[in-house]
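Enquirer: Just so you know, the protein sequences line up as chains E, C, Y and P, in that order. Here the working numbering is used: the first residue of the first sequence is 1, the next is one more, and so on. Here the working numbering is used: the first residue of the second sequence is 476, the next is one more, and so on. Here the working numbering is used: the first residue of the third sequence is 951, the next is one more, and so on. Here the working numbering is used: the first residue of the fourth sequence is 1400, the next is one more, and so on.
Source of the hints: derived by calculation from the structure; they are not laboratory data. Model, not experiment: these values are computed from the prediction. Watch out, some of these pointers could steer you wrong.
[Claimed, not checked] Okay, the calculated bits of chain C under chain P, using three or more residues with CB under 8 angstroms as the criterion:
#1 492-500
#2 519-532
#3 555-561
We put the beta carbon where it would ideally sit given N, CA and C, even for glycine.
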Amino acid sequence: MSEPSLFELSTPGRTAFTLPSLDVPAAPLPEGYVRADVPLPEVSELELVRHFTRLSQLNYCIDANFYPLGSCTMKYNPKVNERAASIEGLTQVHPLQPEETLQGSLELMYRLQEALKEIAGFAGVSLQPAAGAHGELTGVLMMRAYHRSQGENQRRKILIPDSAHGTNPASSAMAGLTVVQLPSDKRGNVDLTALKQACDDTVAGLMLTNPNTLGLFEEHVLEVCETVHACGGLMYGDGANLNALLGIARPGDLGFDVMHFNLHKTFSTPHGGGGPGSGPVGVSERLVPFLPGPIVVKEGERFRLHVPERSIGRVRAFFGNYGVFIRAYTYIRMLGSEGLRAVAEHAVLNANYLKALVSPHFPVAVERTCMHEFVVHGDVPGTDVRVLEVAKRLIDYGFHPPTNYFPLIVHDALMIEPTETESKQTLDTFARALAAIAEEARTNPALLHEAPHSTPVSRLDEVKAARNPVLCYKG
Amino acid sequence: MSEPSLFELSTPGRTAFTLPSLDVPAAPLPEGYVRADVPLPEVSELELVRHFTRLSQLNYCIDANFYPLGSCTMKYNPKVNERAASIEGLTQVHPLQPEETLQGSLELMYRLQEALKEIAGFAGVSLQPAAGAHGELTGVLMMRAYHRSQGENQRRKILIPDSAHGTNPASSAMAGLTVVQLPSDKRGNVDLTALKQACDDTVAGLMLTNPNTLGLFEEHVLEVCETVHACGGLMYGDGANLNALLGIARPGDLGFDVMHFNLHKTFSTPHGGGGPGSGPVGVSERLVPFLPGPIVVKEGERFRLHVPERSIGRVRAFFGNYGVFIRAYTYIRMLGSEGLRAVAEHAVLNANYLKALVSPHFPVAVERTCMHEFVVHGDVPGTDVRVLEVAKRLIDYGFHPPTNYFPLIVHDALMIEPTETESKQTLDTFARALAAIAEEARTNPALLHEAPHSTPVSRLDEVKAARNPVLCYKG
Amino acid sequence: MPYIPHTEAERRAMLETIGLPSLEALFEDVPAQWRFPQLNLPPAASEMEILDELNVLARKNRAVGQFAIFLGAGAYHHFVPSVVDHLASRGEFATSYTPYQPEVSQGTLQAMFEYQSMITRLTGMEVANASHYDGATAMAEAALMALNVARGRRKKILISPTIHPQYRQVLRTYLPPDSDLAYVTGDEVLTAGISDLVVQIDQETACLIIQNPNFLGELEDVDGLAEKVHAQGALLVVVSNPIISLGLLKPPGEYGADIVVAEGQPLGTALNCGGPYLGIFATREEYMRRMPGRLVGETTDRRGQRGYVLTLTPREQHIRREKATSNICTNQSLIALRAAIYLAYMGKQGLRAVAELCYHKAHYAAREITQLPGFTVTTFRPFFNEFRVRCPMSVSQLNRFLLDRGILGGYDLGGDYPHLEQEMLICVTEMNTREQIDRLIVALREATR
Amino acid sequence: MPYIPHTEAERRAMLETIGLPSLEALFEDVPAQWRFPQLNLPPAASEMEILDELNVLARKNRAVGQFAIFLGAGAYHHFVPSVVDHLASRGEFATSYTPYQPEVSQGTLQAMFEYQSMITRLTGMEVANASHYDGATAMAEAALMALNVARGRRKKILISPTIHPQYRQVLRTYLPPDSDLAYVTGDEVLTAGISDLVVQIDQETACLIIQNPNFLGELEDVDGLAEKVHAQGALLVVVSNPIISLGLLKPPGEYGADIVVAEGQPLGTALNCGGPYLGIFATREEYMRRMPGRLVGETTDRRGQRGYVLTLTPREQHIRREKATSNICTNQSLIALRAAIYLAYMGKQGLRAVAELCYHKAHYAAREITQLPGFTVTTFRPFFNEFRVRCPMSVSQLNRFLLDRGILGGYDLGGDYPHLEQEMLICVTEMNTREQIDRLIVALREATR
Ligand SMILES: Cc1ncc(COP(=O)(O)O)c(C=O)c1O
Ligand SMILES: Cc1ncc(COP(=O)(O)O)c(C=O)c1O
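Sequences are here, hints too, so could you generate the full structure?
Expert: This is the structure:
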């Protein structure tokens, strides 16, 4: 049964809301400014609850399904984080309240800044960016501002490996930089020769994802950093994959000048069907003055908002996705340093274990010890089954499909990130499903072409959706 | 996919819990008293969350489905009630705290007592009973105590109409009374002749459900009360169906001496897959001294616990299902007197409307204007389809089946209580489904015999379950 | 009107279908003189207003978060893990009802089956029902069941005076003095110990009921007790409070109990001013058809898949009416679900760990109090997490003193046990930090200055 | 270790399958000198401990429940109906991600489609995206989109000084002074009104951005404005803050806006100290392929059933990389869901009702303040629920005075607008009772004594 639209459920005159009655004299409404009506739906509270409850039941989610979406770190979202983020005294506060009435929130932000600095080896952190891509834009803007401050305004080129996530080039372009794509070598590393050739005094820096989107640790990371630094460029780290490095290595130590964190990934805040996330940026000493402000500083026992002296400015209103901060802070406190290292170790253990089980059926793109995720070719040679069919068929086995067709440099990429919170049993079951699907591809490919079979809707016509876009209810 | 048992999911050595470490010196454990181990499951937090999330998804519920379970008043459970019942200052309190630290809770209970008295026309209320049946037991025990106090210990017979709910005779038996069943007349009322014959000085009282379980208002209610009173008996009201009477009539006014409320039904607290409910008792003046204690009394501006002087004693520890009180109180406050009357009016409107739509397909047991519910014969004459098949087939249409095979005096009873929170549209859709099913019964009875088709399990073998009971995991 | 969806147009259309002119016309059967009373209730509030109102009431309480709390006595302040609320508040669990229709209730049914399974393991028994109202009513029903097992041939219910006083009161309400069914005895002498009770067991005795740890916190000496009870053909009923103790201590099943009841609140439910709580009820397989309450059983569906149903329903009121084993209908299912989630979350290791925390912290507190001049720990037997302290002043006076210092003191035993005048029952759980205990010690010392 | 399920035995078995001796061996690629740093973090806390710690922090705040609050200025204290948390916290919504796999994401997709639909109706526009980070970034992206629509031929972004100062700051961060893409102008003269801006529109201008109601609370005179903007080939961008005003006031779509952005927080999300909030973004159909952000579209499945998918993805970074219309990936989906639930709950009548409550209460407050000696309401144009008050002392001094009386005063305009020294922006919503407003009046009167 498909769920009707809110507009279809609507009945003229029906209401759900309750409000206090007007307890002051009414003022005349401003003539000429008032709209005729607000054509919103009209449903009862029960209709509303039923509608959204039923809709929710159409989703796969971590709370009910293994969700090994590569690059997204879909680990278990602890419920204590949600409880933390609903503590009234922490959340029912206005961002513009006087600082003296906001000391608890400021202290929490301060502690989170400090923890992130320690975890990733940076000298400064700003919590403002709202997501990873926003952190990238912020970082690249800081790189530009830094070069400008050095009188090197000509540095407008940014080097980005071909394995990079799409946000890297997109963020760079938004900041007015020209993207130069770097090839990867056979082991999945940045091609050092190409890097050296590209490095000159027009280079603002290099954006490196490490571990990269193949799930591989950059084997020449120190050399890459040195090379970029040597030409006067800065090293940007895409921290989306930090889950592999907690307590294992600190990007700041390795030579990165700026990095965004994806709190929603590494520090396990719920992804909310697409967001909110949070993308704080950490920076090395020389970039600290450029951080977007305000950040929180401690003065004696008091906490204060502070705008760094050469700040690039705000990147959003207020302080960032504070509700996500509470969750991430709670998570960090629950794990401590040993726990964080265990997170990385088991994320990497799970990925390598699953890789060992899956690779006999779907060949790995680059055969190396992987970090927190790995990429296989998801097609089935000798059949017409592509990765999309395999992905869709996994749904029938009760699994959310892994990321597919990314990274772009691997054909039929299936990018699998199990995360540390999944059990061996789940990985075994998932691997068996993939093996069974590889077999089905050969014996009964129609099963895959028509997959999924068990969902409320079957495969959807995306071409139709794009050709003749219906983007709001037209009923 | 069926969900494995927690025990099947268990892995030796796995844990989910976190606890602070011991911050005091350990004491030696008492020798000879310590158990070897506690053979509980061993799962991770994610496994736990996934397990119970998936289990939940196997339920129909008001939040997702129309649930017209007769006699159960499955109306919408407002979410504000849940929020109210999680206010820390109201819920994180110990029942044995000194009264001066519990004034808020006592005041809330006092206000609820007062509201219930006003709504049902009683002189006193005790909130202690935990559910309707518990309220019945309480009420019957009060009736006994009253008669005893009058030197009439010989009153050990209780009259109960044949349409009564099973808890009525069961509660009476628990209280040591002998049940005398009264027949119903053709219009669904108590048979007055039989009543008069049964009335003598051995009668403790009559338990009357009004509206009764046929959904009909007792047409001779005043005469019934008079008759019982005339022989020295007391009138017990089963308040399960109070939803029909809010602001319409007060049982206390009609002559009832004692009645239990089902807060979970009438005042819309969630039924929790079977409970908790709450079954306060209201009484007329002469029974006030017998109420179970403590109740809350007001003295000046203070609220105090008080045990009525001839109290039958406690019927449970502490004060009752307090969490349910908060919800019920919130509900009463949200509606006010006009709202409560509207509840009854629309509950009755919905029932009569649905009856009009359904009766052409399934004949009504007694053709009268019904109150909040009605009973039809759910079999399909001329076919081998019984009410059970019809009920199961409704599941395929997305509806929770109505109560069936109750009341016992109607063959193939299908007892339908739509409640006031359902829309005309839902009633129309439900009626269409029943009409379609009646048609299917004639054209394709197998569809009904094999129903439900859309559920994770098909029809279950109840005989096997009872013959060879497996009541806990044996794996 | 909140929650009522009808528009005026719909109301008219529906009345037309029914064939009545007005809503009022639906109520002609109601005696006219009593029809449509004016209810005197405060005007309807909006969500915003009622929440404000309740917050005002909340501020008139002092919630336990504002105290160091040493009060137990049947309701216990334990940590409720975050998963419990998250899962138990799901609409699918909260807004469904008794799983009469198993095909659309497998969630509740399987959860209850798992609850039953975990309760049997925790108590060492063979079957557990799907919940009673609370510990006290569960105990009363255990007594009724014992009478039922004896088929009316035994009428004596022998109870220990160290059972929770409120539980004994409830039992006496259920079986009033003029009951034809039974009589309750054993606690007339409040100092009676197990050995004093044992000599009262006879062929008239349906059951002996004890609480262990008893209400005063002590672990009873139960060696050989069951044998003595059974030798007279009676049943041994054990109230296993506080239930958390079973994380550490031998379960009643191991020492021969026939029925185990308990208050399940500590398993994942907040104090809630006394309810909703959870009556735990477990017994041996031989008695399962005489048990009160709902039972979930495993079976198979038509396709041979495993599934769960309510079973052995001929015990119940909706089938057997006055011959049922109990009148219970609505139970405490959602609280049982909370307990199931809690037990699975704590698991084998966690329940032991929390029980040990309670044990060690209570013993630390007792040791420290022993050293205080004027105070004596009067619990001489082994105890779990509650113990008696004789105080140099009245308990109510002391508690007022403590309250001013942010400490919620222990239970005043003198009310129920006159011979324990000036004795306080102190309870310590994992929620009490060492700092809190030390604060209590300091305050007690100050109180005697 | 919390959240990590592995037992020692499993770890060993898994390492064996991998063929490595230890967990350490997994990290050989990491430069040895930097491998396994010791992180200096506080020791791990249990659930109980972290909640205690956070509650201690919470007590160092003063939450809005403790005040009568008259502070708005971009973040608004409105009532969040109980259904919002109940539904949006369901695991199925909260713990899923971007609906790339539509077959298992119809819940999120349909909810977002309905969100988009309601936003278009609210703003009077034709298409809305599935969310931006917040109002400020949505405005910055609107400017970038205007540049994009002009295909680089227009570089002037003309902005009104009465746009929220932080929004203007964000725009300038996105388009720094040395940007090759564009330059931002218009707000150099802080007193510039719409008519002053109109004369600056030229063939260079990509867009004019105004806020309406503007940051000072006034309703702008927008009659004929769009025509003048369009006459020069530029776009009109409107920041529609506070969004609740659209419950009462003419939507920007009606007066010719090409892009509407807004802060969606007031629609069902708590103040949350500034985030997560919701960037609302809507435009006309002709520009839809130049929009930033995710879009959900309706389509059909193979069986012909209606269903929803992410669509027009060639605009996005994961397809177009540096040529994408925006870099946005993770958005604010769950907050958009909250807004959808809120809008559906309030509905046609409720949104109007709440907007009217805000309007009338604010006007009542303004009228009362007008009568106070020493205070002047300096908003002369019509306003919605925010207005300026000139005070007889510095705003910070006054606010401290109010704070001591449990009142959170208005926004100090002097910081951003030096010519508005000693002016306070007062905000009134449905949360302010008359009693609170009267309390404010009394306090203001006292402050001048
Ligand atoms: C490698 C990588 N970089 C950057 C991002 C962008 O982060 P966000 O989605 O938080 O904006 C992602 C997100 O999926 C990613 O996987
Ligand atoms: C008519 C009637 N009486 C009594 C009861 C018993 O109430 P409870 O289930 O709350 O014990 C019910 C419950 O279903 C009922 O329908």
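Enquirer: Please go over all the hints and tell whether each is borne out by the structure.
Expert: Each hint tested on the structure:
Counting residues of the region 492-500 of chain C whose beta carbon lies closer than 8 angstroms to any beta carbon of chain P gives 3, which meets the minimum of three for the stated coverage. Check result for the region 519-532 of chain C against chain P: holds, 6 residues qualifying (beta carbon to beta carbon below 8 angstroms, three or more required). Only residues whose C-beta sits within less than 8 angstroms of a C-beta in chain P count toward coverage, and the region 555-561 of chain C has 3 of them, enough to reach three; the restraint holds.
Consistency with the previously given hints is maintained throughout, with no hint failing.
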